[in-house]
Every structure is written in structure tokens, then in C-alpha cells.
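Peer 1: Sequence:
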Amino acid sequence: MATGIASGSGQLYLREHVYRRSSYGKAHCHSTVILSSMQNQIHWSSWISKLLQVDRSNYSQCQVKTNRKSHRGTIKSCQREGSTRYFDFAVIGSGIAGLRYALEVAKHGSVAVITKAEPHESNTNYAQGGVSAVLCPKDSVENHMKDTIVAGAYLCDEEIVRVSPQNIKVSSVPLKPKDLFVRRFLPQDVELQKLEKSNSSGGSRKFYIVLDWWDITADIFFSAGKKIGSNSCASYAINVVCTEGPERIRELIAMGASFDHGEDGNLHLAREGGHSHRRIVHAADMTGREIGRALLEAVVKDPNIYVFQHHFAIDLLTTQDGSDIVCHGIDTINTETQEVIRFISKVTLLASGGAGHIYPSTTNPPVATGDGIAMAHRAQAVISNMEFVQFHPTALADEGLPIRPSNARENAFLITEAVRGDGGILYNLDMERFMPSYDERAELAPRDVVARSIDDQLKKRGEEYVLLDISHKPKEKILSHFPNIAAECLRYGLDITQQPIPVVPAAHYMCGGVRAGLEGETNVRGLYVAGEVACTGLHGANRLASNSLAEALVFARRAVKPSIDHMNLSKIGHSASNWWPRPVAPLLLGDTVVNKVIRQTREVRKELQSIMWEYVGIVRSTSRLTLAETRIIELELKWERYLFQHGWEPTMVGLEACEMRNLFCCAKLVVSSALSRHESRGLHYTIDFPHVEESKRLPTVIFPSQLNSSRQLHKQQIC
472 MATGIASGSG QLYLREHVYR RSSYGKAHCH STVILSSMQN QIHWSSWISK LLQVDRSNYS
532 QCQVKTNRKS HRGTIKSCQR EGSTRYFDFA VIGSGIAGLR YALEVAKHGS VAVITKAEPH
592 ESNTNYAQGG VSAVLCPKDS VENHMKDTIV AGAYLCDEEI VRVSPQNIKV SSVPLKPKDL
652 FVRRFLPQDV ELQKLEKSNS SGGSRKFYIV LDWWDITADI FFSAGKKIGS NSCASYAINV
712 VCTEGPERIR ELIAMGASFD HGEDGNLHLA REGGHSHRRI VHAADMTGRE IGRALLEAVV
772 KDPNIYVFQH HFAIDLLTTQ DGSDIVCHGI DTINTETQEV IRFISKVTLL ASGGAGHIYP
832 STTNPPVATG DGIAMAHRAQ AVISNMEFVQ FHPTALADEG LPIRPSNARE NAFLITEAVR
892 GDGGILYNLD MERFMPSYDE RAELAPRDVV ARSIDDQLKK RGEEYVLLDI SHKPKEKILS
952 HFPNIAAECL RYGLDITQQP IPVVPAAHYM CGGVRAGLEG ETNVRGLYVA GEVACTGLHG
1012 ANRLASNSLA EALVFARRAV KPSIDHMNLS KIGHSASNWW PRPVAPLLLG DTVVNKVIRQ
1072 TREVRKELQS IMWEYVGIVR STSRLTLAET RIIELELKWE RYLFQHGWEP TMVGLEACEM
1132 RNLFCCAKLV VSSALSRHES RGLHYTIDFP HVEESKRLPT VIFPSQLNSS RQLHKQQIC
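Note that the numbering used here has the sequence shown beginning at 472, numbered continuously upward.
Simulated from the structure, these hints should not be mistaken for laboratory data. Do not take every clue at face value.
As a list, the in silico DSSO-like pairs of lysine-lysine whose alpha-carbon atoms are at most 27 Å apart [unchecked claim]:
| # | residue 1 | residue 2 |
| --- | --- | --- |
| 1 | Lys609 | Lys1109 |
| 2 | Lys1067 | Lys930 |
| 3 | Lys772 | Lys1032 |
| 4 | Lys1032 | Lys1042 |
| 5 | Lys1109 | Lys1067 |
| 6 | Lys1032 | Lys930 |
| 7 | Lys1077 | Lys1109 |
| 8 | Lys1077 | Lys617 |
DEER-style ranges, computed between Cβ atoms [what the hints assert, rightly or not]:
| # | residue 1 | residue 2 | range |
| --- | --- | --- | --- |
| 9 | Ser1041 | Glu768 | 27 to 35 Å |
| 10 | Gly736 | Gly894 | 19 to 27 Å |
| 11 | Glu1165 | Gly733 | 23 to 31 Å |
| 12 | Asp966 | Glu1085 | 31 to 39 Å |
| 13 | Glu1105 | Pro1052 | 47 to 55 Å |
| 14 | Glu881 | Glu1165 | 35 to 43 Å |
Don't be surprised by glycine CBs; every beta carbon is placed ideally from N, CA and C.
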């Protein structure tokens, strides 16, 4: 019998804390036990993760479609009942992952694509560089894997472990048959073996181990007397992305995506930082826009896909079924009409992008406020590796432009990695080249190295930006490879064929996210993830340039079959719509009060972003992270009090308030994860632990709170 979980309501409650310790407490890493307490309300372990699971012009707005064809055994077209919609599949996000997935599952049922703004407004649309794939005879999958592992600071471990029963020493962590959810997160050909071990009372205890596969569960359930690997299914994630990526590119081309070709008629392959070979498929410097165009055109033509634009996702709808959490859809608010719409679905895919806007300067569009990660966390999904926030080394520095923009940008303008890949050189303002003094790979070093080097230059010299110069290359080549960058810079009086580009690091990509299995599955049944919102293990501690679009394509495709299987087994009916209380828009407060709340929320947002940049930026320290933790909690409580003092009710939801809640959630997850890692690896650099520690080569994993404090803000005192 399934029971409803109140967290799906998306309600906001006032908390009155006596602050002693953040509810997003520091991580406790242990190889065989899960630490938990009432005070540290997130359970952590570094090991349990091993169980888990347009042409280049403007887009037209997609309209919601009607009169759908139906499939036997599926929900017939778009069924609606008042403010509830019923679908076989709900897709949250309209970027590359969400659209690619929607096009496949639409062959088997009705699909709702729920997008926060216009369908084209996603991180995909702003991706300039390209998609990494092994398509050159001189390249190999092994080379691509090696480059990914090196860039990821070896947190995405390649080690393959073969274990035999003879060298197994069983630990004290048993797995009962009914708890064997491991199977959902392993390839079908993995062999499971049951062992029995006598206990002191004369009985026996049953254990399950994995044989002939990588280190996915080894150290949780047994020890072979030595270290048996240090990561989850990251190795397999690297393998599948590097192996399956080329076929996903061919599928895009077959769908009408147009990529650049060389004079020989073959795809033009660019090279970017961290890559040993040319393997970047691109469409000038507007690759994401071109991919999005092709996918959206296909979606518009598909009679079984509905697109709901300007629908903000509030919270996932979940139930408890025995020991399992099950997802049944999503609550949304139409941000143009303020109507709350409930989507009941048999399967839900989160493809909502990252959380760049926890920082004041980010290349992400305004929609990237961490909604998917926060919703999944509130729905009891496992979160991983949130300390690894990638700062792109080269965003356009408006301060250095001949003509300053009249208005502040909502998101920083990206200067693609491909500029350095094509020979761009970094200089300080005295035109001194500095990258060779930091890394032998110079400008082609991975992003974490380049970003820290620029940050160091800026701090040492007291300057606001550095210069990226490509003007020594032929003008025709520059304009053909980087037309979008050239045009944007020319708007402000800078000719990149003759002048260097002022650049500065900006928040760019979340390597962490919702912990995903090899087919996009999470520990919440019926909930799948793909794209930046997911943590598949591919990126490790630092993402290799242009691997993100490849990962999104591969995992969106891999999530299709298990999603269809789950859909076919689901029996949820129309009565499910009444299982959860319904949120409401704050219309009763009146425009004056609502506008005051919105203005205050925007100020709080700026303050949070300032804290994150000042204390949780490119270079960190334990004392500054701890201070950030305290200040964020105090700021959140201050904001909550303001809302409720102005009449905000527990069931009320609004775009700005919900985004703020999600930004707070993601910021705290980043800070807590950073505090837990006592080493410097990849994107996480701390002056208190400046070196890589082999014993710390473990993923950081955040477990949901059994008290659900992250989901609801209670009107009670928590000491």
C-alpha cells in the first residue's frame, strides 16, 4: 500500500532555529557504515553510491498540441481533469537531454515536456564549443577515456576489478534479499553471488557480492584485504559515453543537425583544452543552438509530445511504497497565468540543467537555478559531488570592452574553449604570457587548472581580467570558426581579429548532481535524470571540455528502455491526483505585498550569490566555508521570516520564492560537500588541504534526511 509523502506538496513553512549546526552538516565518510544523527540531518558516505543507482536564428514558441494519437496500454493523448494533466512520461527541461529522451519515449506513449521559459531557453542553447566524439581514425575510445580521467583528476577511476570468492573477507554489512536493489543499477550480465557466513549464535547471515565487474559494491560489502578501487560506476559511465557518443552524433545528423565540415568533406573536428586529439564536432561557435533547433523541430512535428512552456516545476510528487520512494509526477505553476497545474505521470525525467545562478557571474541562462537538484533532494534522491563547481576560465569581461554594456547581463557571455584550442594565448594586462609557468600544457590545460591560474594572476596583480588573444590567426579562419563571438565583441567596439579579448572566470557547470545509475535511474523509482542535473560519475572532479553534450545524449538515450519498462508496469490512476495537498499562487496577498516580497527576494538572491563567490569560489578554505555555511543559514532564516511576516501562507508558491528556496538548497549542498573533502582535487581547491590525497579519492554522496527538514520549513523550534 503506497502512502503519500507531504514533501510533494511544495509547501513552504517557517522555521525558528536555534542555530548550532547546519542541517546540511559536514560529510562523514566511512567505508562500511552509514552515519546518521538527529543533528546532522543528511546522511553521508563515500561508498554507498556504489549501490546507486532552429537554424542559427531565433526559435518560434512551441504551442501545446491537441488531438493526439494513442497507444495501446498507455494514457490516451493528453487527458486532463481540472488543473491536472495525465501523461505516460513527464520531461522536466527542454535542453538536449530532455528533448532527445522525449523523442524516443514518444514512440511508446504520451509525453509532456515541461519547460520553465521558452523551449529554446536552456543551457544547451548557450553551448558554443561542441560535442566530443571519437570520429577520427587517428583517435580512439581509449584516448578519449584517458583524457576524461586525467581532466577529472582521477575521481572517474578506470580501474577494473575482478573479484573471486577465494579472496573475499565478508564485512559486517549484510544485504537481505528484499533489499537487493543493487540489481537495478548494474548491467544485466553482471553476476551476483550469495554467500553465507556463520554468526556467533550459530545461525548464518546472507550476503550478496558482485563478481566480474568493476568496483561498484566491493568495499561496502566485503574487503579483499586490500584497496579494491575508489569510485562508483564512473568507469562504466566513461566507457559508455566514449563508446556510444559517435552513434549519438550520427543520430543528430540524421535528424537534420548541421555541423561544420572541412575541405575534404568530412566533419571538421576541433580540439579543446584537455583533449589529446581533435574530436569536437561543432557548428561554428553555436553548436548547442544548432542541436536545439534540430531537436525542437522534431518535437514540434511529433504528434505525441506536448510542450508546456512557462511552467515552473515546484516539486516532485512522491509516495512511500514499503522501503521505496516512488515518483508519480510533478506540480508546476504557469508563470504567465499563475495557475497551478499538476502533472501525473508514470515516469518522470529530470533534465532541468544546473545551478549556475548560485553565483553572481555565470554563463548559464537565468533559468539555471538548481531546481532539479533541489527538487530531487527534497524527494529523497541521493545527491553526489556537489563541491565540484566548474568555473569556465574565459567569460567575456565587460570591464575590458572599449564600450561598456549599458545594462548588466543576466548571464556572462561565454568565450568558448575552442578559441584556446585553435591557438588562443592568455596574457596579463602587461601582455605577459602566464600559462606555461603554471602548467606544461599551457592554454590547453584542463579548465580547473586554467581557471585557478587566471584567478591567481588577478589576485597577485590586483586586476579585473586577463586577455585572450587569437588575432595572430588568419582573419578568415577566426570569423568562420567564431562568428558569434566576433559579432558580440564587435557590438562593443572590439575586433577580435585585431585585438585581444578581455576574459574572466565565471560559474559554468555543475559536475555534481542527482546520483544516476548507468541508465539514468535514481534511487527514487520512476525518476530518471540526464544532463547537467545528473551525476553519472563521468566528469569526476572536473569536466573535460565538450563532454557534457555527449553525456546528455548518451544517458538520455540509455534511460529510454528502463523508462518504458517502468511505464508498462505502472498502474497509477486518476485518483492519484488527490494524494497530495495542492499549492496555490499568492494572489490573495495582493499586488503590493507580492511585489514587496519579490523585491526583497531579489535582494536576498544577490546577497547569497555574493556569499558564494566570496567564500565558496575558485580557491577555498575551511574557515571561509564554515563562515559561508553560517551566513547562508542566517540569510535563509531572515528571508523566511520576511515572507511570513508579510502574510505568506504555507501552501503559497511563486516563481521567485521557489527559485530562492532552490538556490539556498543547492548553495548549502555545495558548501557541505566542500567542507567534507579534506584534499584539493580537480575543481575543489582548498588552501588548508592543498594536495591530492589518494585515500580521499572517493565520491561525496549526500543522503536524504529522514526528518525531511530540507523539504519543509516548519513553524517549530529546532534546537
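Peer 1: Next, verify each hint and record whether it holds.
Peer 2: Here is how each hint holds up against the structure:
Taking the CA atoms of Lys609 and Lys1109, the gap is near 58 Å; set against the 27 Å cutoff, the hint is violated. Taking the CA atoms of Lys1067 and Lys930, the gap is near 38 Å; set against the 27 Å cutoff, the hint is violated. Annotation: proposed proximity of Lys772 to Lys1032 holds, straight-line Cα distance about 22 Å (limit 27 Å). A distance of roughly 18 Å separates the Cα atoms of Lys1032 and Lys1042; the hinted pair therefore holds under the 27 Å criterion.
Between Lys1109 and Lys1067, the direct Cα distance comes to roughly 15 Å. Compliance with the 27 Å bound is thereby established for this hinted pair. Simply put, Lys1032 and Lys930 have alpha-carbon atoms about 50 Å apart, too far for the 27 Å limit, and the pair is violated. At most 27 Å may separate the alpha-carbon atoms for a hinted pair to count; Lys1077 and Lys1109 meet this at roughly 14 Å. With a C-alpha separation of about 40 Å, the suggested pairing of Lys1077 with Lys617 is violated against the 27 Å cut-off.
The hinted range of 27 to 35 Å is satisfied by Ser1041 and Glu768, whose Cβ atoms lie roughly 30 Å apart. Gly736 and Gly894 have their C-beta atoms about 24 Å apart, which keeps the hinted 19 to 27 Å range intact. Checking the proposed 23 to 31 Å range against Glu1165 and Gly733 shows it is violated: the Cβ atoms sit about 43 Å from each other. Look at Asp966 against Glu1085: about 35 Å separates their beta carbons, and that is inside 31 to 39 Å.
A hinted range of 47 to 55 Å is violated for the C-beta pair Glu1105 and Pro1052, which are about 30 Å apart. The hinted window of 35 to 43 Å between Glu881 and Glu1165 holds, with their beta carbons roughly 42 Å apart.
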